[in-house]
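Undergrad: So you can see what is in the structure, the chains are spelled out below.
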Amino acid sequence: MTRRARALLPFALALLLCGAVLLAVGVDPFEYGAVVLRRGLFSPRGVQESLSRAAPLLLIAASLMLSFRAGLWNLGVDGQFLLAATVTAATAPVLDATFGRAAALLGGLALAALTGAAWAALPAALRAWRGLNEIVTTLMMSFLGVSLANTLIKLVLRDPDTTVPQTLTLPVAERLPRLFGSTVHLGLPLALGIVLGMHLLLTRSAIGLRLRVLGESPRAARHMGLDVPRLTFTALLGSGALAGLAGGVDILGVWGTVRADWNPAYGLMVVPAVLLARLNGYWAALVVALLAVLSVGTESAAVRLGVPSYFNLVFVAVVLLSLGAARPRRV
Amino acid sequence: MAGLTPGFATQFAAGTLTAAVPLLLGGLGEQISERAGVLNVGIEGMMLAGAYAGFAVAYGSGSLWLGLMAGAAVGVLLALPMLLLCIRRAADQIVTGIALTLAAQGLTALLHHVSFATTYPRLPAPATLYGRFPLDYMALALCAGLAWLHRNTLLGLHLQAAGVQPAALDQSGINVARLRGGAVLTTGALAGLGGAYLSEISAGVFVPFMTNGAGFICIVLAMLARRRALLVLAGALLFGASQSAATALQLLGVDVPSDVVQMLPFAMVMVLLAGLGAGRLPAALGQPYRRGGQ
Amino acid sequence: MTGPVLELRGVEKRFAGVVACGGISLALHPGEIHALLGENGAGKSTLVSLLAGMQTPDAGEIEVGGKRFAGLTPAQALASGIGVARQHPLLVPTQTVAENLLLGGAGWRRPRRDRAGEDFRHTGDGFGFTLSPHALAGSLTPAEQTQVEIVRALWRGWRVLVLDEPTSALSHDASARVLRRLRDLRDLRESGRGILLITHRLDEALDIAGRITVLRRGVVSGTLGPEELAGGGRAELRQMIRSMMFGDTAAPSPTPLSQGEGAFCSPSPCGIGLGGGVAPTLELAALHAPGLHGISLTIAPGEILGIAGIDGNGQTALAEAIAGLLPATSGSVALDGTPVTSLPAAARHRQGIRYLSDDRMHEGSAGALPLALNLLLKRIGAPPFWRAGVQQDAAITTHAQAAIDGFDIRAPHPWAPIATLSGGNIQKALLSRELDGAPRLIVWHKPCVGLDALAAAQVQARIRSAAVQGVASLLISADLDELFALAHRIAVLDRGQIAGVIDNGPGARAAVAALMTQ
Chain A
74 MTRRARALLP FALALLLCGA VLLAVGVDPF EYGAVVLRRG LFSPRGVQES
124 LSRAAPLLLI AASLMLSFRA GLWNLGVDGQ FLLAATVTAA TAPVLDATFG
174 RAAALLGGLA LAALTGAAWA ALPAALRAWR GLNEIVTTLM MSFLGVSLAN
224 TLIKLVLRDP DTTVPQTLTL PVAERLPRLF GSTVHLGLPL ALGIVLGMHL
274 LLTRSAIGLR LRVLGESPRA ARHMGLDVPR LTFTALLGSG ALAGLAGGVD
324 ILGVWGTVRA DWNPAYGLMV VPAVLLARLN GYWAALVVAL LAVLSVGTES
374 AAVRLGVPSY FNLVFVAVVL LSLGAARPRR V
Chain B
26 MAGLTPGFAT QFAAGTLTAA VPLLLGGLGE QISERAGVLN VGIEGMMLAG
76 AYAGFAVAYG SGSLWLGLMA GAAVGVLLAL PMLLLCIRRA ADQIVTGIAL
126 TLAAQGLTAL LHHVSFATTY PRLPAPATLY GRFPLDYMAL ALCAGLAWLH
176 RNTLLGLHLQ AAGVQPAALD QSGINVARLR GGAVLTTGAL AGLGGAYLSE
226 ISAGVFVPFM TNGAGFICIV LAMLARRRAL LVLAGALLFG ASQSAATALQ
276 LLGVDVPSDV VQMLPFAMVM VLLAGLGAGR LPAALGQPYR RGGQ
Chain C
14 MTGPVLELRG VEKRFAGVVA CGGISLALHP GEIHALLGEN GAGKSTLVSL
64 LAGMQTPDAG EIEVGGKRFA GLTPAQALAS GIGVARQHPL LVPTQTVAEN
114 LLLGGAGWRR PRRDRAGEDF RHTGDGFGFT LSPHALAGSL TPAEQTQVEI
164 VRALWRGWRV LVLDEPTSAL SHDASARVLR RLRDLRDLRE SGRGILLITH
214 RLDEALDIAG RITVLRRGVV SGTLGPEELA GGGRAELRQM IRSMMFGDTA
264 APSPTPLSQG EGAFCSPSPC GIGLGGGVAP TLELAALHAP GLHGISLTIA
314 PGEILGIAGI DGNGQTALAE AIAGLLPATS GSVALDGTPV TSLPAAARHR
364 QGIRYLSDDR MHEGSAGALP LALNLLLKRI GAPPFWRAGV QQDAAITTHA
414 QAAIDGFDIR APHPWAPIAT LSGGNIQKAL LSRELDGAPR LIVWHKPCVG
464 LDALAAAQVQ ARIRSAAVQG VASLLISADL DELFALAHRI AVLDRGQIAG
514 VIDNGPGARA AVAALMTQ
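Residue numbers (this note's numbering), protein chains in the order written: chain A, 74 to 404; chain B, 26 to 319; chain C, 14 to 531.
Bound-form chain A, shown alone:
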């Protein structure tokens, strides 16, 4: 078997297994697959939706690349994302009404990044200066952030004119500019630029090399005279800012508002994608694009064929497991 064929094996295995599961519950796997592909990739609407979906995922990928490269596990991206999305959704309509669209968009994105960074600041500081494990603290802050976002929406930032608790809504015309008459918004090129820029930053720059030394061995980093606590703090803070930016882009580009109890939990999907891509920005972009197609396609298939969209998680899981079996690796 050639190397290329072997690389495709996990995907074939995942398709086979998922097909078998579908058959078992009485769904024609070929029809299902066709719907997923058509609605996720091979229809103008589907591909636009997938590209829009890719934007926040790419930014989260950049966030995770930054943190993982420095040897730090920011597992709190979901909380950073949602809190930033909430803050953006609550403020952008106000900014828009007072200062106009540009202020709303730029201010919204800046606030999103700030919120994400702020929510990462405590775990970052505890890790940097107290040596506290960031897996625990970022997870805790993630749960805390999700609950806080819901609390804020229900108690403070609630739009008084709606029955379901949700923030104010940014009118469609005031959201991020659409590209070439499509529904794809400016967030996509922005996010793509940031992922590739992050890749270059990490592999080609002085600051990237400092982060890589830290990720390789904190002892070596200290020996080289690097300011390890400050570097740690910066990396986690930057990671939080990018996760927050992802929230801002998703709100300003697609949703316009955050409803209470909305939590797309992108983090859990993007973490394995970034690890599979071995923290390489190009590969990460590709894997994330695949994820976006899959999640958009299965959401359509859920409506059409009644198979819950979460079924795509099984596909992702089987690919991950079989890749893990074929290619052990460590970060």
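Just so you know, these hints were derived from the structure itself, not from any lab. Cβ coordinates follow ideal geometry from the N, Cα and C atoms, glycine included. Hints are not guaranteed to be accurate.
[Stated by the list, open to error] Here's a subset of chain C near chain B, in silico, CB distances under 10 Å, partners left out: (1) L91; (2) V105; (3) G117; (4) R122.
[What the hints assert, rightly or not] Okay, the calculated bits of chain B under chain A, using three or more residues with CB under 8 Å as the criterion: (5) 113-126; (6) 250-264; (7) 282-291.
Chain A is fixed; fit chains B and C onto it per the hints.
TA: Chains B and C in isolation, oriented as in the chain A frame:
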């Protein structure tokens, strides 16, 4: 507030324990894995799969106990790939754990959709012994037993060594892979049991994604408790109390979103962490071990 | 009972094609201490791993206690009565000494910490060990860890005792006591036991071994039986063994190091005079830091100041305090008369203070990063290698190529990950990094630890030539021979303080030994 009666206090305490038992079971399981050097991020999926299997079997057979056993068995089943990939093949533990969680989420959502999504059946309230479901007592006894095991048996020392310096344990003639494998399967069983408790006893119903991060809370509890099983109990009670308080307040007619109360334990643990500065993990946590490969 | 207790026949072990043991055969007879000599990389440590069951041989067999094995597991090794004390102890740092000893029994049993502690004290007494069995293993000095390792090897009842460099971390006195005790153990001839002593100290082997096997590049290059050992004179035997260890043609090093042969071997280490009026390059004044309690010393340009002392007496703290990695709590560090006490490490590096770490794999280098970048890790961001923060590959490659040529670094490619290089070549790379630019003072922390004789000689030649060019040196070493061969003066570090400074010369060795054993 008129509702603050002794009856209310009893109800609150009962609710706390009911919410705490799944976390206690999962946390104790995760603690065993983590002591042995395996970070089991798949516990969220194991609990969820256990919740579905437990509910489905209990509903089909009419026996809660059969359901609980099924939950534990499915937990073990889901732990098997972890054992094969992470211990035999040295695959990345975090990636594998996340994959298992995703698989469990997707599969249970699908299975729920084809089996219970239209009817949403409920299980009857369980028979009790002195006012509690018997498994509650067993979970508390298990906690005490594990507290003793971690401190007062060689197995406890071996688990610790496997998580800190597996080569030292290997050299003393103990099979590290087997010990870690046993730890992972035990975690699966306890997590599955906790999940089954969640759907069968705590809720009486299965809802997709119903664990809602309980597995991650178990990971945090295990990391904070290190080798003290009683600290897992304390943490589980803390989180259980907050969940119980949320429902209790609603019953009292206090108009506070449950999210506010649910933030409390997380905030409390963060304050504790920031104040006490604990949180060192076993040195070899997450590292595969292979003899002779330094 | 006449047969050997342990016999190896044609044992082979390769790592990624590189031969570590190339068909070793040897026999350990009951009641005998059998010394295994060889330079670094001769295959001694691999042999120890094979006997402990931590590696499996590719070919050959091991016969112990009448049973033949193609390869041992740790459990089989223990069951066969092989007790191993490793050179680099494998201890669980979060457990006490007693708990470390207890590892390995049936899981349901209770750990009897008190009884293990008593047994530890009892066994340790014979060796003169005074360590508390309830101390955390992670808090032990290397010497104390060695003590635990030796007691553990004896712990479960042994037939074959394998000791890998048991004295390398111990003080002179402690080593003597251990060797005395081993001699007592050997005398239990009727018990059918044998001791395999791995060492690089020739005199140690000649003192107590009844049989000596010399390894060279993975094969047995010579054996001396009881008759030969009894027959030859000490000097003659030593010469014979040296030629077995290094080959007949290759002298150990251009300026031979004394192998434990009394004092001061090279008459004037650097051949430069130290006039009275020279301003010091480095001056420490009443320097306090965690682990250091009031260090005052000066080093003149071109001078090599040796630091002797048992490991764990503040060597690392001293090196890091000078390099700027460990902040001083009081006192001062001055370079060429200018205080640098408040400067961070990077700034001190720019001013010419260099520090060669004793842990080249985990501290001195970042293993997965390319050699070319590792050579610049203390200057990240500096032109011409980075411009506006962007990495300049051409300049970095040129710089790396110069280092590769100048320091004879054997690497497949300048951009190969540094971890793919051998230990000696990594050390050469790190030497080139610290000598790059205009060094004024270099802290050499155990520069030759773990290197073979040839690589060590090359490193020592570099240290000398740096001194000849006027660089001041602080040489921290556990190897007294190295200190006496290189240093002008030797300071003894004891519990974070300077116990005394001795000028190198006749009688210096005795004076230093006296200070170290005070």
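Undergrad: Starting from the hint list further up, note which numbers the structure goes against and sort them upward.
TA: Number 6 only.
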